[in-house]
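> Fit chain G to the known structure of chain X by using the hints.
There are 2 protein chains.
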Amino acid sequence: PDRKAIHDKRHREAELTKPAGSLGRLEEISEWLAAWTGRPPAVNRPMVVVFAGNHGVAQKGVSAFPPEVTAQMAANFAAGGAAINQICATFDLGLKVFDLALEVPTADFTEGPAMDERTCVATMAYGMEALAGEPDLLIIGEMGIGNTTVAAAMSAALFGGDPKTWVGRGTGNDAEAMARKLEAVEKGLALHGPHISDPLEVLRRLGGRELAAMAGAILAARTQRVPVIVDGYVATAAAAVLWKMDPGALDHCLFGHVSAEPGHIRALEAMGKIPLLALGMRLGEGTGAALAAAIVKAAARCHSGMATFEQAGVAEKAE
Amino acid sequence: PDRKAIHDKRHREAELTKPAGSLGRLEEISEWLAAWTGRPPAVNRPMVVVFAGNHGVAQKGVSAFPPEVTAQMAANFAAGGAAINQICATFDLGLKVFDLALEVPTADFTEGPAMDERTCVATMAYGMEALAGEPDLLIIGEMGIGNTTVAAAMSAALFGGDPKTWVGRGTGNDAEAMARKLEAVEKGLALHGPHISDPLEVLRRLGGRELAAMAGAILAARTQRVPVIVDGYVATAAAAVLWKMDPGALDHCLFGHVSAEPGHIRALEAMGKIPLLALGMRLGEGTGAALAAAIVKAAARCHSGMATFEQAGVAEKAE
Numbered sequence: 002p003d004r005k006a007i008h009d010k011r012h013r014e015a016e017l018t019k020p021a022g023s024l025g026r027l028e029e030i031s032e033w034l035a036a037w038t039g040r041p042p043a044v045n046r047p048m049v050v051v052f053a054g055n056h057g058v059a060q061k062g063v064s065a066f067p068p069e070v071t072a073q074m075a076a077n078f079a080a081g082g083a084a085i086n087q088i089c090a091t092f093d094l095g096l097k098v099f100d101l102a103l104e105v106p107t108a109d110f111t112e113g114p115a116m117d118e119r120t121c122v123a124t125m126a127y128g129m130e131a132l133a134g135e136p137d138l139l140i141i142g143e144m145g146i147g148n149t150t151v152a153a154a155m156s157a158a159l160f161g162g163d164p165k166t167w168v169g170r171g172t173g174n175d176a177e178a179m180a181r182k183l184e185a186v187e188k189g190l191a192l193h194g195p196h197i198s199d200p201l202e203v204l205r206r207l208g209g210r211e212l213a214a215m216a217g218a219i220l221a222a223r224t225q226r227v228p229v230i231v232d233g234y235v236a237t238a239a240a241a242v243l244w245k246m247d248p249g250a251l252d253h254c255l256f257g258h259v260s261a262e263p264g265h266i267r268a269l270e271a272m273g274k275i276p277l278l279a280l281g282m283r284l285g286e287g288t289g290a291a292l293a294a295a296i297v298k299a300a301a302r303c304h305s306g307m308a309t310f311e312q313a314g315v316a317e318k319a320e
Numbered sequence: 002p003d004r005k006a007i008h009d010k011r012h013r014e015a016e017l018t019k020p021a022g023s024l025g026r027l028e029e030i031s032e033w034l035a036a037w038t039g040r041p042p043a044v045n046r047p048m049v050v051v052f053a054g055n056h057g058v059a060q061k062g063v064s065a066f067p068p069e070v071t072a073q074m075a076a077n078f079a080a081g082g083a084a085i086n087q088i089c090a091t092f093d094l095g096l097k098v099f100d101l102a103l104e105v106p107t108a109d110f111t112e113g114p115a116m117d118e119r120t121c122v123a124t125m126a127y128g129m130e131a132l133a134g135e136p137d138l139l140i141i142g143e144m145g146i147g148n149t150t151v152a153a154a155m156s157a158a159l160f161g162g163d164p165k166t167w168v169g170r171g172t173g174n175d176a177e178a179m180a181r182k183l184e185a186v187e188k189g190l191a192l193h194g195p196h197i198s199d200p201l202e203v204l205r206r207l208g209g210r211e212l213a214a215m216a217g218a219i220l221a222a223r224t225q226r227v228p229v230i231v232d233g234y235v236a237t238a239a240a241a242v243l244w245k246m247d248p249g250a251l252d253h254c255l256f257g258h259v260s261a262e263p264g265h266i267r268a269l270e271a272m273g274k275i276p277l278l279a280l281g282m283r284l285g286e287g288t289g290a291a292l293a294a295a296i297v298k299a300a301a302r303c304h305s306g307m308a309t310f311e312q313a314g315v316a317e318k319a320e
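Which chain is which? The protein sequence lines are X and G, in order.
Counting from 1, position 285 in the first sequence corresponds to residue 286 in this note's numbering; the numbering is continuous, with no gaps.
Counting from 1, position 122 in the second sequence corresponds to residue 123 in this note's numbering; the numbering is continuous, with no gaps.
Only chain X is shown next, with the shape it has when bound in the complex (with noise of 0.2 Å):
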């Protein structure tokens, strides 16, 4: 964080034409937006993207939808029909999709590592291809049929209990998914359990494509001061990784909201992250993240555009 960006944020929030805190949080917000990019509160180029990639234990039955469904969604994504297209139109956010080989599904992780390392590696690496638009507000989503599976997998790796409290309904799964579901990540949990001290080692024997993607797209974001907004329990997921590794990796992220899926509170609260929005969501696609982005922005703005005590001839509070 930027420690004169900061001081500078707030000598001119003490300034503006407001009692001292009434924003409540867009005041933090912005001081956020200043201390990770080292300027004045402000989004101009606000970019969501979204990460799409396929799962081998989606063949178990985890899901309520067919696997075919990631590549429609993402040839939806491109046509403009999504949730996450309308939600950029409504707030000007630009929108990237990355199809993640979605050809070649992930290896079922209930039999064998999900991924060589060579793949998890080159995966971040690709993800990483996020910041090259340059955007100044990164907000990040995916599609993957089968991934709230390998989020619960992953964030019982990560965080520990019982893997029941980390499996959710995801698209809307009946008894017999949830069973599957469960079984699925039980059996993941046995074969690479005495493998995963290392998080890295999570992300690649239990995570999948999309996942990896995030985590390097988080990391990249870090080192070129660009702010990030995390979606919901996946990619909440992929970033509890990098948490894992250092719970400062985080700080230049904000949650943007808590979905339906009940493992995403119980991530957030373990690592303190306290969400923005909670609209009871569970889609993915970064609409949640990018409903949060409209706040983000108008924080910014509210910053950047308030007329001073001084400017407005408006009384201060009395000492």
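It should be emphasised that the hints constitute simulated quantities derived from the structure, not laboratory data.
There may be inaccurate statements among the hints.
To be verified - Going by beta-carbon spacing under 8 Å, a handful of chain X positions derived as facing chain G: (1) A15; (2) T18; (3) G25; (4) R26; (5) L27; (6) N77; (7) G82; (8) Q87; (9) L280; (10) A295; (11) K298; (12) A313.
Claimed, not checked - When the alpha-carbon atoms are kept at most 27 Å apart in a straight line, the in silico BS3-like pairs for lysine-lysine are as follows: (13) K318/G with K165/X; (14) K318/X with K274/G; (15) K188/X with K61/X; (16) K188/G with K165/G.
Where is the CB? At the ideal position from N, CA and C, for every residue including glycine.
Quick look at chain G alone, frame taken from chain X:
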């Protein structure tokens, strides 16, 4: 509510390319828009109206800011320098400010009724002018030094309970101002207590011009099929007058946020209303409701703009 519009909305919702229910409150919001406008969900002319009034009770030293700040802030709204101006600019919301006889404060409610009957009724009628620009979404806010004292007195009168639980720090009171504020509320309740079984008498005796105008605007919106977003503690106190007369009177209203003022969540809970946002704000001006309007715009656009499963060639959930 329009049954046909609700039916049509649900029919289309089920065909959109996402798991059923996965947009959470966004799906409730688009249904609410359809229900109260009688057409497919859309936000084409959102309008923020800010009513400003002055209060006799402010002379009792109940606020951290002097009463002249109300008019100074009204000038700041006109010049585009306030927080609400920035939020409206961020989300393309119209903004209209109504100055309500700022040079003539209401009477001090610790000594007599704040308004006579004619002033109260005429101001409610004037508030109905908020609909003159034919908005299709009305966002209601206020400005008035001393008006959290008014809201506290009204909330205590309408909902009961220990007056202390309705009194908060407002713009940032110190302990002395807090004591004066509580004393004023208790004095007002003691003086008017025998005469306030009629909610409109609560508004007239303990309220203020901007509260009467907000109540009028909310009423008029109902008859003109315009959904309303209510802002914080003060706006909610105005709305509560209508709720107390008829618990269904606010069904066309969304409560945009819960403010940091401690009485606000109590009032919302008493009416069974669940706020959309919780950002720790306590500024008024319609700022919390205007942020909520951004979410409402996105909800409408998701519903109207998304592709159906058939259009996008996306496989539906296996049954």
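> Does each hint fit the structure? Answer for all of them.
Verification of the supplied hints:
Contact between A15/X and chain G, as hinted, is not supported at the beta carbon level, the nearest pair being about 12 Å apart and thus beyond 8 Å. The closest approach between the C-beta of T18/X and any C-beta of chain G is roughly 6 Å, which is under the 8 Å cut-off, so the hint is satisfied. Interface restraint check for G25/X: the shortest CB-CB distance to chain G comes to about 3 Å, inside 8 Å, so the restraint holds. Restraint check, R26/X versus chain G: the minimum CB separation of about 4 Å is within 8 Å; hint holds.
Checking L27/X against chain G: minimum C-beta separation of about 7 Å stays under 8 Å; hint holds. A least Cβ separation of about 4 Å between N77/X and chain G falls short of the 8 Å threshold, and the interface hint therefore holds. For G82/X, the shortest C-beta to C-beta distance to chain G is roughly 3 Å, which falls under 8 Å, so the interface hint holds. Hint on Q87/X holds. Least Cβ distance to chain G is approximately 4 Å, under the 8 Å limit.
Nearest Cβ of chain G to the Cβ of L280/X: about 4 Å, under the 8 Å cut. The hint holds. Because the beta carbon of A295/X sits about 5 Å from the nearest beta carbon in chain G, less than 8 Å, this interface hint is met. The interface hint given for K298/X is met, as the beta carbon of that residue sits about 5 Å from the closest beta carbon of chain G, less than 8 Å. Taking 8 Å as the C-beta cut-off, the interface hint given for A313/X holds, the closest approach to chain G being about 4 Å.
Under the criterion of a C-alpha separation no larger than 27 Å, the hint pairing K318/G with K165/X is consistent with the structure, at around 23 Å. Of the pairs offered as hints, the one joining K318/X and K274/G is violated, with about 33 Å between alpha carbons and a cut-off of 27 Å exceeded. In summary, the hint linking K188/X to K61/X is supported, as the alpha carbons are separated by about 12 Å, within the 27 Å threshold. Proximity of K188/G to K165/G is assessed by CA-CA distance (about 12 Å); at most 27 Å being required, the pair is judged to hold.
Hint check: violations occur at hints 1, 14; the rest are consistent with the structure.
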